[in-house]
Structure formats: structure tokens, C-alpha cells
Amino acid sequence: MANNPNQQWHALTVMPDRPWLHIRIEQRLDIMWNDGLVTEVIGLLERYPLTPNLPSMRCVGYRQVLEYLVHIDHPVFEQPHLDKAQFYSTFEVLQSSAQSSLSEGATEALACQQMQNKALYATRQLAKRQYTWLRKVMQLPSNSMDGAIAADTSSEKGYSIDRNMVVKAFTTMAQARDYLY
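The sequence shown begins at 1 in the numbering used here and counts up by one.
One or more of the hints may lead you astray.
Said to hold, decoys possible - Subject to a maximum C-alpha distance of 25 Å in a straight line, what follows is the list of computed SDA-like cross-link-like pairs (lysine to any residue): (1) Lys84 <-> Val60; (2) Lys128 <-> Val60; (3) Lys168 <-> Tyr179; (4) Lys128 <-> Trp20; (5) Lys118 <-> Trp133; (6) Lys136 <-> Gln175; (7) Lys128 <-> Thr172; (8) Lys84 <-> Pro55; (9) Lys136 <-> His10; (10) Lys128 <-> Gln114; (11) Lys136 <-> Met15; (12) Lys128 <-> His22; (13) Lys168 <-> Thr132.
Everything labelled a hint here was simulated from the structure, so no lab data went into it.
My request is simple: use the sequences and hints to build the entire structure.
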């Protein structure tokens with residue numbers, strides 16, 4: 001089918017405006033915190049012999065929760081199947097100095113806010129990398145995200161899109177749906 005000159009391919013991408021995306025990321029993180037992400041990570045640590053360098057524990061959100069739990073010296077790290085020293089060395093926190101001179105409640109509240117801020121920043125950075133990757137894969141100029149781009153196969157422009165492909169970017173799913181139907 002790919003070599004069929006009568007077949008036209010449409011590559012569609014939805015890339016919302018950054019301000020909208022940033023608001024949506026904040027909303028999504030608020031939902032994750034309210035739905036118990038911290039409790040979820042604690043439960044995983046209690047059940048499984050996890051390490052801080054596992055891919056699942058390096059994911060955005062989980063990573064920040066692990067750092068928070070280390071910072072507040074959470075008792076979950078006393079589990080016999082966990083290597084407490086490995087977690088503390090990963091986040092460069094000495095076990096004896098995990099607590100600061102602030103009261104326990106103030107330290108925990110500050111650490112929680114830092115965790116949320118770091119997760120927000122990391123999620124925005126991930127979204128930025130995904131945009132960059134998608135623009136490269138789709139070979140869309142960054143200033144033409146909201147318009148149709150006719151496939152150009154001239155090598156000097158660096159496009160490798162087939163002549164039978166139409167590339168179109170949208171800022172909303174509704175625009176993509178309207179285009180398709």
C-alpha cells in the first residue's frame with residue numbers, strides 16, 4: 001500500500017498551545033496528588049523489592065515522590081527487602097540529616113511542595129521534549145504548526161515525506177475530528 005501512487009496518506013498531529021498545555025499539566029498533577037500518588041508509591045515500596053534506578057521508579061512523578069519520601073525519612077525504607085542506603089545515596093541525602101532543624105510538620109510540608117514543584121517542572125520538560133521529537137518526526141517547521149503543509153520531497157529542504165502524504169497539525173482534537181469527518 002505504501003508504494004501505491006493512488007493512495008494518499010494523512011499524518012495528523014494534535015499539538016495544543018503551550019499555555020493550555022501547561023494548565024492541563026497542572027490540573028493532571030493535582031488529580032494525581034489528590035488520587036493518592038504518594039500512597040501508591042509507598043504501597044509499591046512496601047510490596048516489592050524496588051530500587052531507585054528501576055525504569056518504573058525513574059518515571060516523572062514516581063521519581064519526585066521517591067525523593068520526597070527519602071527527604072522526610074519515611075519509615076517505608078525500613079522494609080527488609082529495600083536497600084535504604086541505595087535510596088538515600090541516589091538522592092544524596094544522609095540518613096542522619098534527612099530532617100532539618102525545622103519542625104517535622106514544616107519540613108514535611110516544604111518537602112511536599114518541593115516534590116510537587118519538581119514534578120510539575122519535570123512534566124513540562126517531558127512535554128517539551130515530546131513536542132521537539134514530534135516536530136522532528138513529522139518534519140514540521142515550528143512556525144507552521146496550525147496549518148497544512150504540503151509534502152515537499154526536495155532534498156535541500158530535508159523533507160523525507162512521500163509525495164502522497166499530507167501533513168497537518170492541529171491545536172485541538174476537535175479540529176482533527178472536523179478535518180477527518
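Going through the numbered hints above, which ones does this structure break? Give me the numbers in ascending order. No numbers; nothing is violated.
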